[in-house]
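What follows is the residue order along each chain.
2 protein chains.
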Amino acid sequence: MRKVRVVGAGMTRFGKFLKRGLRDLAEEAVQHTVQDAGLGLTEVEAAYVGNSVAGLITGQETIRGQVVLRKTGLLGIPIVNVENACASASTAFHLGWISVASGLYDCVLALGVEKLSDPDKAKSLRAFNSAVDISELAEIEKQLGRSGEDAKERSLFMDLYLSMLNPDEPASQSVNGITREQMALVSVKNHYHGSLNPYAQYREAVTLEEVLQSRHVVGPLTVHMCSPLGDGAAAALIVSDEFARRKGLKGPRVNASVLISGRGDDHSMAPSIRRAATRAYEMAGIGPEDIDLAEVHDAVAPAEITIYEDLRFCAPGDGPKLLEDRVTWLGGKLPVNTSGGLLARGHPIGATGLGQIVEVVWQLQGKAGKRQVENCQVGLTQNGGGHIGFDLAAMAVHLFSV
Amino acid sequence: MRKVRVVGAGMTRFGKFLKRGLRDLAEEAVQHTVQDAGLGLTEVEAAYVGNSVAGLITGQETIRGQVVLRKTGLLGIPIVNVENACASASTAFHLGWISVASGLYDCVLALGVEKLSDPDKAKSLRAFNSAVDISELAEIEKQLGRSGEDAKERSLFMDLYLSMLNPDEPASQSVNGITREQMALVSVKNHYHGSLNPYAQYREAVTLEEVLQSRHVVGPLTVHMCSPLGDGAAAALIVSDEFARRKGLKGPRVNASVLISGRGDDHSMAPSIRRAATRAYEMAGIGPEDIDLAEVHDAVAPAEITIYEDLRFCAPGDGPKLLEDRVTWLGGKLPVNTSGGLLARGHPIGATGLGQIVEVVWQLQGKAGKRQVENCQVGLTQNGGGHIGFDLAAMAVHLFSV
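Protein chains in written order, with the working numbering: chain A, -8 to 393; chain B, -8 to 393.
There could be a bad hint or two in this list.
As the list claims (entries may be wrong) - The list that follows gives simulated cross-link-like pairs (lysine-lysine, BS3-like), each with its CA atoms no further than 27 Å apart:
hint, chain 1, residue 1, chain 2, residue 2
1, A, K(-6), A, K241
2, A, K238, A, K62
3, B, K10, B, K62
4, A, K114, B, K114
5, B, K62, A, K133
6, B, K(-6), A, K(-6)
7, B, K133, A, K62
8, B, K312, B, K324
9, A, K114, B, K112
10, A, K7, A, K62
11, B, K358, B, K(-6)
12, A, K358, A, K238
13, B, K7, B, K62
14, B, K10, B, K(-6)
15, B, K114, A, K112
These are computed hints drawn from the structure, not numbers from a lab. Just so we're clear, the structure is a prediction, and the values are computed from it rather than from any experiment.
All chains, full assembly: derive it from the sequences and hints.
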């Protein structure tokens, strides 16, 4: 397979944009990306477009990529429409990487775009629920003990993540040995990072007390410990090493691109993350000790701490220490979610994976402004998507290096 | 890029199966495919799953592949969910081909599955309409003059195809110089072929009179000249040449796999078909004169005749002659739609492209039973999908050889 680089990355700010449509968001991200690369759109040979719920929110299924790219001038090239729940954009990137690594194309676009917020919040939540096997939705809700009015107000996935993190004691105030204060500290860190990121949905730092005292959602989680509903688009230009050299373009190399699905029988995210990470480290010849920064899937705050362990950033059980010792904060040895993560940068599901990739690419290019990680050489992204039972449906891990 | 072969192909019968679900259809096609190959499912390293409207019909979006493959034992491998309207399955096959040609995988599954029929036919038709840019749906319907009760009973795409085939005189009883009798003859041929295919939705031959006198749909088209709504699944196992040799598996080589999108400004299918075919012929080093059989996108009967010309099976204007001289009938020099085509084998949108590929693979393997083409060496599939304005949104052309 050929060597592949990312020479352009761009995104909209993530947030709730009730007045903006999918097309508008996609166009902004695409323009930003080609400007970032300094390349004309005419060089793009194929586009891989991730989106998760537009069909259910807007009624536009099946040719969403063609529809949102229509006015960019990209129509005519191959356009592939991709879904994989919250990992849709990582899947689009993965397909783009394969197509360039194969030798078929020299320059392709990966785009993730999502419009999840809707004046009818119940509609947003229903659409989001299509990221589980809906034939067992009622059974899952029953097992989670979701009933009553408060359950209608929150995403199923907050309960589901809690149960996956702590199958034996889902109602406990600590999760897998992680205390509420430690969960809150993840949120403090990610909101602090988000405050430095002009593209983040939430750009205000919060204190530990504010996190702990913010609106209760479920179990130990307050609203600041849960990723928000949102909209946005993010994109990357993926090119062959040879094309980059020929055009004088710079950008990090893609060292590994791994996509797997969960086996469906684990009541945990851990096995999928470990399998995907192990394969990525092997593919890249890079170990967790080499990583300088990471963007991970902090859909709920405690997940970030267990992900440290599953990605082998530390020994099992040492996740909270990594956080408390500020290793994973900006300025630490291995900053995690410098963008603000899903908690603060936001989580427009079909765009999130590319939002992570954009952040890592910008960091490795030294373009991350106030949140720049010094001397970073190697970055990782980890992005989960959807649920089969109490297991994850999709898991993507990518590795990049300068 | 590596040489790639198809060593297994399988499908359900296409038809209206109100009591069968997507999962049931997918499982049957997958089992049929691995049995056809004589290979265990444990060899499959990734799955590319095409579907077009399940989100709108069933509410299951975004992880449809994981849901339908859940009980097959394939969960755990990378699963990519793909949409491209009526070309969804060809797009899934195209991605599978790239992933094997790239060297990333040795053995992958491409699956197309669709459940379009619903007790509420209006719901099926609404879901199908998501294959256009829905922001201009009202304008398209206005331009097509679709109004009144009869328009509610038929698919938008019959009117749209007529307009694309005959932009200057959409109401004319002839289309692009093709007479009603010639259109009817396409239907007679394809229903005759379908009568020999146990997997076809319609398995009864029809006479020219029966076609002409069947229920009127729109313009010159009767119901026998229009592809039906339907359900079904079809799949293929795509492997590297080296894997096939090592495992002692046989199957045709994939000589070309081309996907493009329409440019959005043509009021015709012709430019997209010509561009995709030209690229496929170049990629394969094979010309139209080398083709022994083809499966093409006869969504409406007259389209098949213009497709002959756009694929360069004959000179411009000679399409009707090719049909009338029985060149494209079983027993002729270049049989087209030996499966029965969209008209008789059926058109469950997200499965159709793989239905075409299954037919060509079986023919090249000598497994086509009563409809076997003798001494065939080279086969072509052509599959269009969705509409941007009055242009096609996606177009796929594949070439296979023994």
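If you draw a straight line from the CA of K238 of chain A to the CA of K62 of chain A, is it 27 Å or shorter?
Within the cut-off at roughly 26 Å; holds.
If you draw a straight line from the CA of K133 of chain B to the CA of K62 of chain A, is it 27 Å or shorter?
22 Å, holds
Hint check: K312 of chain B vs K324 of chain B, CA-CA at most 27 Å. Holds or violated?
13 Å, holds
Holds or violated: K10 of chain B and K(-6) of chain B, Cα atoms, limit 27 Å.
Cα-Cα ~41 Å, so violated.
Hint check: K10 of chain B vs K62 of chain B, CA-CA at most 27 Å. Holds or violated?
19 Å, holds
Take the C-alpha atoms of K358 of chain B and K(-6) of chain B, compute the straight-line distance between them, and say whether it is at most 27 Å.
Holds. K358 of chain B to K(-6) of chain B sits at ~23 Å (cutoff 27 Å).
Holds or violated: K358 of chain A to K238 of chain A, with C-alpha atoms at most 27 Å apart
At roughly 20 Å apart (the allowed maximum being 27 Å), K238 of chain A and K358 of chain A satisfy the hint.
K7 of chain B and K62 of chain B were given as a pair; does the straight-line alpha-carbon distance stay at or below 27 Å?
23 Å, holds
Is K62 of chain B close enough to K133 of chain A, meaning Cα to Cα at most 27 Å?
Distance ~22 Å between K62 of chain B and K133 of chain A Cα, so the pair holds.
Holds or violated: K7 of chain A to K62 of chain A, with C-alpha atoms at most 27 Å apart:
23 Å, holds
Going straight from one Cα to the other, do K114 of chain A and K114 of chain B come out at no more than 27 Å?
Cα-Cα ~19 Å, so holds.
Straight-line alpha-carbon gap K114 of chain A to K112 of chain B, limit 27 Å:
Given that 27 Å is the threshold and the Cα spacing comes to 24 Å, the pair holds.
In summary, the structure is inconsistent with hint 14 from the numbered list given earlier, while agreeing with all the others.
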